[in-house]
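These protein sequence lines map, in sequence, to chains R and Y.
Mapping to the UniProt record's numbering: the first sequence position 114 is 114, numbers consecutive.
Mapping to the UniProt record's numbering: the second sequence position 207 is 207, numbers consecutive.
Quick caveat, the hints were computed from the structure, so don't treat them as lab data.
The model shown is predicted, which means the values in this text are computed figures rather than measured ones.
Warning: the hint list may mix true and false statements.
As the list claims (entries may be wrong) - With a Cα cut of at most 30 Å, we get these calculated DSBU-like pairs of lysine-lysine:
hint, chain 1, residue 1, chain 2, residue 2
1, Y, LYS319, R, LYS211
2, R, LYS257, Y, LYS279
3, Y, LYS97, R, LYS257
4, Y, LYS32, R, LYS47
As the list claims (entries may be wrong) - Every beta carbon over 12 Å from chain R, so not counted as near; a handful from chain Y, in silico:
hint, residue
5, VAL44
6, ALA53
7, ARG310
Beta carbons: idealized from backbone N, C-alpha and C, even for Gly.
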Amino acid sequence: MKFDIIGKRYWWFALSLIVLIPGLISMALQGFNLGIDFTGGTILDLKFASPVTVAQVREVLVDHRLENSVIQLVSTDQAETSNNLFIRTHVLSNDESQILFTDMEKRLGAFEVLRSEKVGAVMGSELTQQALLNLAVVCALLIAYISYRFEYKIAVSAILAILHDVLIVLGIFSLFHIEMDSSFVAAILTVIGYSMNEAIVVFDRIRENLKTHRKTESFQDLVNRSIGQTFTRTIYTLLTVLFACGSLHFFGGESTKNFSLAMLIGFLSGAYSAIFNASPIWVTWKEYDERKRAVLKTGGSK
Amino acid sequence: MRVGNVAKFLVVVAVIVLGFSYFISPLTTSIKQGLDLQGGTHVVLEAVDTPEAKVDEDAVRRVVKIIEKRVNEIGLTEPIIQRQGDRRIIVELPGIKEPEKAIEMLGKTALLEFQDESGITVMTGKDLKDAKAEMGQNKNSVVALEFSDQGGKLFADLTTKNVGKHISILLDKQVLTSPVVNEPIPNGKAVITGSRSIEEAQNLAILLRSGSLPVKVDVMEMRTVGPTLGQDSKEKSEKAFSIGIALIVIFMLGFYRLSGFVATIALLVYVLLLVGSLKMLQATMTLPGIAGIILSMGVAVDANVLIFERFKEEYRSGKTLRAALDAGFSRAFNTILDSNVSIMITATVLFILGTGPIKGFAITLGLGVILSMFTAITVSRYLLRMLMQSNVTKNGKYFGA
Numbered sequence: 001m002k003f004d005i006i007g008k009r010y011w012w013f014a015l016s017l018i019v020l021i022p023g024l025i026s027m028a029l030q031g032f033n034l035g036i037d038f039t040g041g042t043i044l045d046l047k048f049a050s051p052v053t054v055a056q057v058r059e060v061l062v063d064h065r066l067e068n069s070v071i072q073l074v075s076t077d078q079a080e081t082s083n084n085l086f087i088r089t090h091v092l093s094n095d096e097s098q099i100l101f102t103d104m105e106k107r108l109g110a111f112e113v114l115r116s117e118k119v120g121a122v123m124g125s126e127l128t129q130q131a132l133l134n135l136a137v138v139c140a141l142l143i144a145y146i147s148y149r150f151e152y153k154i155a156v157s158a159i160l161a162i163l164h165d166v167l168i169v170l171g172i173f174s175l176f177h178i179e180m181d182s183s184f185v186a187a188i189l190t191v192i193g194y195s196m197n198e199a200i201v202v203f204d205r206i207r208e209n210l211k212t213h214r215k216t217e218s219f220q221d222l223v224n225r226s227i228g229q230t231f232t233r234t235i236y237t238l239l240t241v242l243f244a245c246g247s248l249h250f251f252g253g254e255s256t257k258n259f260s261l262a263m264l265i266g267f268l269s270g271a272y273s274a275i276f277n278a279s280p281i282w283v284t285w286k287e288y289d290e291r292k293r294a295v296l297k298t299g300g301s302k
Numbered sequence: 001m002r003v004g005n006v007a008k009f010l011v012v013v014a015v016i017v018l019g020f021s022y023f024i025s026p027l028t029t030s031i032k033q034g035l036d037l038q039g040g041t042h043v044v045l046e047a048v049d050t051p052e053a054k055v056d057e058d059a060v061r062r063v064v065k066i067i068e069k070r071v072n073e074i075g076l077t078e079p080i081i082q083r084q085g086d087r088r089i090i091v092e093l094p095g096i097k098e099p100e101k102a103i104e105m106l107g108k109t110a111l112l113e114f115q116d117e118s119g120i121t122v123m124t125g126k127d128l129k130d131a132k133a134e135m136g137q138n139k140n141s142v143v144a145l146e147f148s149d150q151g152g153k154l155f156a157d158l159t160t161k162n163v164g165k166h167i168s169i170l171l172d173k174q175v176l177t178s179p180v181v182n183e184p185i186p187n188g189k190a191v192i193t194g195s196r197s198i199e200e201a202q203n204l205a206i207l208l209r210s211g212s213l214p215v216k217v218d219v220m221e222m223r224t225v226g227p228t229l230g231q232d233s234k235e236k237s238e239k240a241f242s243i244g245i246a247l248i249v250i251f252m253l254g255f256y257r258l259s260g261f262v263a264t265i266a267l268l269v270y271v272l273l274l275v276g277s278l279k280m281l282q283a284t285m286t287l288p289g290i291a292g293i294i295l296s297m298g299v300a301v302d303a304n305v306l307i308f309e310r311f312k313e314e315y316r317s318g319k320t321l322r323a324a325l326d327a328g329f330s331r332a333f334n335t336i337l338d339s340n341v342s343i344m345i346t347a348t349v350l351f352i353l354g355t356g357p358i359k360g361f362a363i364t365l366g367l368g369v370i371l372s373m374f375t376a377i378t379v380s381r382y383l384l385r386m387l388m389q390s391n392v393t394k395n396g397k398y399f400g401a
């Protein structure tokens, strides 16, 4: 397949920015919808024998001084009542939740606790620290490995492309206020692994083509050719991971929905950035260096 | 066409397919399931400093011992009690009915004190030999205490000195009962009244038998998954897994035909090996772990896609099928290695730094990457060679080229 991706690279960079900027603004203005894994708190997933409304549940909660709780009905249509609902509130002690449960059963009928999670605030801040540490260590090791196998400019270009993917996922999660939990960290790290993988495949081809490089072929053409040669593979692989991840998202359980969504977005972005950002950034950098060298040369000869 | 070679190929394929369909289900179901799949409670406890007692290594060790004892006394099945880091203890209780009550018991300090009227502590729970719940004389529930030799003497002494006065029995600084001593009690036995039910008396007896915690313990995190949700997650993940694998197979067959068929067979070997090694490592299957498996299937197929794309190129440049195949494998190897190493780096970091569910995800992903490299390179190559040697067709089209 023949492409001129390098020639039009600024268009592709612009397209990335168009997607990135709203996300960045949203991150700055409204931040993230962090789950209790990060903030600490209690989540209750309850299933009632007979349908209840948000107002009914709130009434009970207010009597337990839990008026600041978030109540969310789980229903496929926009119905006002549902058997299944989530309550999110601050950390409840054992006594508090037992009293609440007893009262709730008395007033709203029998229910089953599908899931209940309590996370102390300390655990939450530890998770955030741990997540950032993980991210930093992974990036550092990947840069080291790529620098060793290729060169540091390729490593940095690849990392920039990866950062792009991470920001896109974060941006979309911020824009649409999708909840993040501890599995989000794993999803982001997987996206990093995937995105790195995609960038490497292209750079690997460039490296190979450089070995048999003919003088007549310009640098831009060589990179274009390499991208073209790996294009089918990139798309096929994207399709297979989308199949795997998409089936997890659409057919898997509630608890892996946001996890697989983060990966779906990340994989799409990862394939895009591997083709349209990683090697184009590298080419831009190389050309900038060459121009600088040329300027230095002419400057020196004067 | 060489019939013998075709037969050999078909036999190998049949063995793999039969092996897969025979072993996969018993293997998967025999892997230990995490709490998110079977339902249960996961608790993180932390030993904290108080003015009276600072946390040290010895104290945490004793806390773990005592909590183990309490869990066993409550009679929960297959509990896991694990120390994490300096001060944390993880307790996993599968299939527990009323987690709140159980957790409350685990974290209770349960310091028993006997005080005289002036409020001086004369003896503590350490002086006990046994504690049992019993029905008292007035059909009320009591906890019958039996003191150790030393404790018996102390108690005899206490009761002798305080005839006609109140003595108090306190649990965690709260007065349980405060009877008037009628006469000295020399036999080393006593009862604590005031329990509202036999159940409450039993719980108190368990706490007293297992001893008091040397330091205060806080509940940092507690997650409970009900059995209904666990079952639901399990069924849905199984469905997602089957649909994912079906889509990948259809895709591979459609785009790579015979090669795709071989890749599918290799994928079966891969899934079987992965599940088998998880079983051997005695790993616990959790939801993130399943996600890791589904993802690593993508990685496994990716290796084959890399090889087949390379093979296509080589074949189109005029090589024979065999030569194109060998070139495809050797040229794709570098790429596969680099890409897999980068995923391994991520998985390793997650495994070392991550905790709980993230660790589970890292194990399946990391293991998956290693195994998929083996199956994609060895199994696919072996099968494809066999197929090409049998001369079923010389047309590269059937191999996806």
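Verification of the hints:
1. Y:LYS319 with R:LYS211: holds, 21 Å
2. R:LYS257 with Y:LYS279: holds, 26 Å
3. Y:LYS97 with R:LYS257: The given pair, whose Cα atoms are some 27 Å apart, holds under the 30 Å limit.
4. Y:LYS32 with R:LYS47: Measuring from Cα to Cα gives roughly 27 Å; hence the hint holds.
5. VAL44: violated, 7 Å
6. ALA53: holds, 20 Å
7. ARG310: Since the minimum Cβ distance to chain R is about 9 Å, ARG310 (chain Y) lies within 12 Å and the statement is violated.
Checked against the numbered hints above, the structure breaks hints 5, 7 and satisfies the rest.
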